[in-house]
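2 protein chains.
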Amino acid sequence: MLRERTVRLQYGSRVEAVYVLGTHLWTDVYRSPYRRARVTEALHGGFCRFTLTTVATQGSTHQTVTVSYYEQEGNSPIDQAGLFLTAIELSLDVDADRDGVVEKNNPKKASWTWGPEGQGAILLVNCDREVPWLSKEDCKDNKVYSKNDLKDMSQMILRTKGPDRLPAGYEIVLYISMADSDRVGVFYVENPFFGQRYIHILGRQKLYHVVKYTGGSAELLFFVEGLRFPDEGFPGLVSIHVSLLEYMSEDIPLTPIFTDTVVFRIAPWIMTPNILPPVSVYVCCMKDNYLFLKEVKNLVEKTNCELKVCFQYINRGDRWIQDEIEFGYIEAPHKGFPVVLDSPRDGNLKEFPVKQLLGPDFGYVAREPLFEPVTSLDSFGNLEVSPPVTVNGKTYPLGRILIGSSFPLCRPPTHPPVNEKAEPPLVRAVAGEVASLGGMSSKRITINKILSNESLVQENQYFQRCLDWNRDILKKELGLTEQDIIDLPALFKMDEDRQAIAYFPNMVNMIVLDKDLGIPKPFGPQIEEVCCLETHVRSLLEPLGLCCTFVDDISAYHKFLGEIHCGTNVRRKPFAFKWWHMVP
Amino acid sequence: MLRERTVRLQYGSRVEAVYVLGTHLWTDVYRSPYRRARVTEALHGGFCRFTLTTVATQGSTHQTVTVSYYEQEGNSPIDQAGLFLTAIELSLDVDADRDGVVEKNNPKKASWTWGPEGQGAILLVNCDREVPWLSKEDCKDNKVYSKNDLKDMSQMILRTKGPDRLPAGYEIVLYISMADSDRVGVFYVENPFFGQRYIHILGRQKLYHVVKYTGGSAELLFFVEGLRFPDEGFPGLVSIHVSLLEYMSEDIPLTPIFTDTVVFRIAPWIMTPNILPPVSVYVCCMKDNYLFLKEVKNLVEKTNCELKVCFQYINRGDRWIQDEIEFGYIEAPHKGFPVVLDSPRDGNLKEFPVKQLLGPDFGYVAREPLFEPVTSLDSFGNLEVSPPVTVNGKTYPLGRILIGSSFPLCRPPTHPPVNEKAEPPLVRAVAGEVASLGGMSSKRITINKILSNESLVQENQYFQRCLDWNRDILKKELGLTEQDIIDLPALFKMDEDRQAIAYFPNMVNMIVLDKDLGIPKPFGPQIEEVCCLETHVRSLLEPLGLCCTFVDDISAYHKFLGEIHCGTNVRRKPFAFKWWHMVP
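Sequence order for the protein chains is A and B. Numbering follows the numbering used here, with no gaps: position 467 of the first sequence is 467. Numbering follows the numbering used here, with no gaps: position 169 of the second sequence is 169.
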């Protein structure tokens with residue numbers, strides 16, 4: 001907000017002007033052209049001094065300022081210049097202190113700072129869908145179809161106080177920049193108590209809106225929605241301005257004499273690590289996974305969350321629900337809701353997120369691939385987030401995002417829409433360790449046969465080196481020690497593309513539901529009718545208070561090169577920690 | 001750089017491995033599968049302890065690490081695992097301490113910090129053209145045609161020291177990310193002393209390059225060029241990596257066992273304010289401006305810079321050289337040169353910057369319009385930079401950029417390629433003030449006639465309000481006081497688009513050459529054969545040590561709605577202050 005305003009006197013006459021409380025008027029009579037050009041002539045070489053009466057103060061609507069000119073020795077003014085000031089109060093207000101309520105004229109509303117003491121308002125991308133017959137998210141058009149939609153928006157109040165009407169021709173205008181017009185939308189409710197209509201006043205194709213001045217004390221309520229997530233090319237800040245425009249005469253444009261600005265930061269999309277409590281477990285119903293579904297159902301029933309099944313008419317034969325979507329959420333002081341991020345993968349599950357997830361208070365955002373063609377790196381099995389970590393003294397209270405990439409030279413995968421917590425991509429976390437001496441329980445394959453397969457041993461030595469390279473990166477980037485890492489036995493074989501394929505179900509590809517783990521049943525060698533791999537994994541995890549349930553995913557997932565983790569997806573509770581309390 | 005590396009022992013045998021000096025090897029025998037799976041069997045339930053001899057130290061190329069296993073009570077080892085280490089030194093080096101010389105293995109080379117104590121290397125966009133027969137800047141292709149071109153690039157050295165050859169199959173690979181491949185290019189000189197060839201090894205379409213290992217102590221010299229200026233979507237940092245890849249066997253891919261990384265920041269384009277000493281003054285030669293040219297030549301001869309005339313076959317009738325281009329420069333510790341920014345305006349002068357300015361150590365960069373259609377706001381008469389200022393305690397040692405925009409709602413102009421010093425656009429600086437009582441010297445128009453033209457008076461009151469609005473913004477954003485502002489008299493009239501047109505030559509549209517000012521000759525009322533406007537302006541500016549030369553631009557510029565400032569352009573010396581010493 002500009003607090004200083006220059007006004008010009010017109011000597012010998014009184015100028016009418018509107019004065020906004022809180023600003024300082026600046027009128028420098030000594031540097032006026034009058035003194036230099038005309039006063040000296042009119043006063044025959046005399047000097048001038050001036051009297052400036054106090055300017056308008058709160059409570060009085062009109063105030064007069066008079067500048068009187070005297071000859072050097074004289075006592076009665078030989079000329080005067082006056083200002084007739086009409087005082088008004090004008091402020092554009094938002095919830096800059098982040099308590100969920102719009103306060104009045106917060107002095108920090110025009111900037112944005114991080115941290116628990118930070119100030120500046122917050123906006124949600126209105127990416128849910130309140131009414132079922134819309135095909136897209138609420139923010140994709142410039143309409144409001146439901147009162148509930150307003151609850152996703154941030155409130156903004158234009159407060160005015162002053163005379164019954166402004167001097168003729170004055171205008172109050174709300175406006176945004178061209179750059180912000182595809183990032184923010186503003187609505188106004190006409191007739192809020194009777195047959196209300198929602199009017200789109202700023203946003204796409206609408207850069208400004210003239211506000212009706214109603215006189216007295218007035219509060220005009222606006223609703224603001226975000227249209228675009230912050231990402232690499234957009235840090236997330238948008239500004240909305242109000243200006244008071246002064247009128248001079250019909251053929252002359254209006255001039256701004258006061259501007260107030262508010263800044264919003266659009267809330268980032270936030271990923272939820274495994275340690276957050278689960279809300280829903282999603283799994284696809286296939287022709288061939290009845291027994292698996294049943295086992296998953298039993299597992300979920302042990303926990304405090306619910307099972308959501310994606311049926312065949314939607315999944316169309318695609319069981320890899322982990323790869324198609326990533327669950328996250330957005331949050332502002334007034335509201336928050338889950339948001340599903342749709343991957344560029346677009347398999348047969350591609351209609352699932354919009355058709356089954358998008359809805360009231362359930363948002364949706366998609367990301368196009370950064371590079372063509374889409375590869376398996378764009379699948380969201382390749383996108384994870386760590387729990388909160390501290391690395392070299394720097395805290396990541398929302399964790400660090402992990403994105404897999406090929407070493408060293410393949411194209412990087414498409415990044416999630418930014419995330420204040422996002423960091424340079426890391427190689428994917430794989431906590432598994434090759435058990436070069438582990439075995440496979442099968443009627444046809446003996447342990448000795450595996451051990452004597454030299455190329456298999458060598459391939460696993462190679463995969464172990466890849467895992468160790470990842471292990472070293474994770475230790476460095478997440479600040480882990482060896483004690484933070486639990487090695488689970490695994491065995492791989494190499495396919496024709498030299499990619500690793502799990503030889504027996506890869507237990508690291510588990511589903512984590514609080515303390516309950518759904519682990520691919522490894523079918524390892526049995527000792528006294530108990531699988532020694534299960535026994536080993538239990539001995540590693542149960543002392544940590546975790547409960548291991550081994551789920552048979554062989555026929556419906558493992559044989560198609562995935563496990564229970566790839567075939568499920570978990571929506572989790574948001575962090576208790578508020579993202580705006582971070583200091584990035 | 002990863003300093004920790006996990007290696008796996010193979011029990012009962014000795015593993016060969018290459019070890020890079022400066023890393024720490026990590027081999028946790030207690031958590032090895034051996035102990036858990038086989039050692040316990042082999043040792044009949046015994047425990048193991050281990051001996052780890054010191055790892056390779058500088059000077060010795062090979063070193064052996066032996067882990068011995070004992071029974072709990074026994075003294076002679078019952079099993080051993082060994083590492084046969086070949087030590088090498090490997091570092092990718094740049095001028096991270098910014099003294100113009102590549103140092104050795106700077107520990108801060110993989111990050112980038114601002115300020116006088118900051119570290120991290122700097123890169124120039126190779127936007128000049130060393131050979132005249134190329135149609136574009138040097139960075140537009142992947143070739144080097146001249147040894148001089150290498151001087152624009154930053155040096156990068158790969159230092160290796162070790163045995164005559166690496167173990168069979170090992171490779172050293174330089175690589176960049178896909179995202180950086182259109183931001184950076186790397187060249188290598190083959191046969192540097194005899195018939196050298198310049199080989200493009202990284203950049204567009206080249207993500208990696210296998211480096212020949214030559215044995216002993218070797219320094220491979222590379223040359224790095226920037227391809228893209230930092231801007232809104234690209235902060236300017238690029239990374240180059242080198243990895244040592246370990247070989248296992250023919251059918252197994254290589255695995256990275258060591259990576260070293262260097263980071264460069266691409267130097268921003270920097271604008272030069274009026275206070276910097278002029279180097280060259282550019283002006284167009286037209287059919288109708290012979291006398292003006294002569295006056296400008298006289299003015300320039302008083303100063304320490306040279307006049308450069310753009311002839312008609314290049315300017316093709318376009319005299320507005322201020323609008324077409326903006327001079328600036330780029331700078332790195334090893335090199336710097338001027339760079340002309342070409343506006344999206346593209347009048348008839350559009351071929352001038354590439355044909356006459358681009359050349360050896362004279363760079364070129366163009367900006368496409370952000371929004372169509374191109375308007376007068378995209379002309380660079382609308383782009384200026386302030387001198388260094390301090391605003392509310394924050395210092396801008398390279399000034400603040402000023403970009404004009406219409407109030408409130410027209411589209412913003414295209415922004416210059418980033419500039420670390422760039423700030424939210426301000427309304428254009430106009431230091432003029434309406435002299436409502438000024439006059440026009442003319443045979444046909446008397447002062448009284450002007451004064452009695454009520455609509456002219458009103459229009460000027462309006463323009464004064466616009467100027468005052470700008471004045472208030474400039475005071476706030478540049479931290480100015482009234483004492484910093486000198487008001488020059490001006491008079492405007494309004495055209496059919498309600499734009500201001502100078503009634504008499506607008507003296508604020510001057511050219512500043514050190515202390516010499518070339519001011520549009522105002523042709524004001526004469527008192528004793530001296531123009532009273534010139535007298536007045538001299539009285540304001542000469543006490544500041546400035547020398548006023550009034551240049552007649554009426555017939556060749558003013559009548560086409562511009563003045564000497566619009567018809568000239570000045571290339572200036574760079575700031576003495578280094579941009580990387582800033583703390584943004």
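Please note that a few of the clues may not be correct.
If chains are identical, the list can't say which one is meant, so a pair holds when it fits in one copy or spans any two.
List time: in silico BS3-like cross-link candidates among lysine-lysine, alpha-carbon distance up to 30 Å [what the hints assert, rightly or not]:
id: 1; residue 1: K475; residue 2: K108
id: 2; residue 1: K108; residue 2: K394
id: 3; residue 1: K143; residue 2: K104
id: 4; residue 1: K476; residue 2: K161
id: 5; residue 1: K108; residue 2: K449
id: 6; residue 1: K297; residue 2: K140
id: 7; residue 1: K294; residue 2: K143
id: 8; residue 1: K104; residue 2: K394
id: 9; residue 1: K335; residue 2: K559
id: 10; residue 1: K573; residue 2: K161
Just so you know, these hints were derived from the structure itself, not from any lab.
How the hints compare with the structure:
Taking the shortest alpha-carbon separations for K475 and K108, only the inter-copy value of 20 Å comes in at or below 30 Å, while the best intra-copy value is 40 Å. Taking identical chains as interchangeable, the C-alpha atoms of K108 and K394 lie at most 30 Å apart whether they share a chain (27 Å) or sit on different chains (17 Å). Only within a single protomer do K143 and K104 lie at most 30 Å apart by alpha-carbon distance; the minimum there is 28 Å, versus 61 Å between protomers. Taking CA atoms no more than 30 Å apart as the test, K476 paired with K161 passes between copies only; the shortest distance there is 26 Å, against 58 Å inside one copy.
In this assembly of identical chains, K108 and K449 lie within 30 Å of each other by CA distance neither inside one copy nor across copies; the values are 72 Å within and 51 Å between. Taking the shortest Cα distances, K297 and K140 never come within 30 Å of each other, neither inside one copy (37 Å) nor across copies (59 Å). Neither within a single protomer nor between protomers do K294 and K143 lie at most 30 Å apart by alpha-carbon distance, with minima of 44 Å and 63 Å respectively. In the homo-oligomer, the alpha carbons of K104 and K394 lie at most 30 Å apart only across protomers (28 Å), although the nearest pairing inside one protomer, at 36 Å, exceeds that limit.
Taking identical chains as interchangeable, the C-alpha atoms of K335 and K559 are never at most 30 Å apart, the minima being 43 Å within one chain and 60 Å between chains. In this homomeric assembly, K573 and K161 never come within 30 Å of each other (Cα to Cα): the closest approach is 44 Å inside a single copy and 53 Å across copies.
Against the hints set out earlier in the document, violations occur for numbers 5, 6, 7, 9 and 10.
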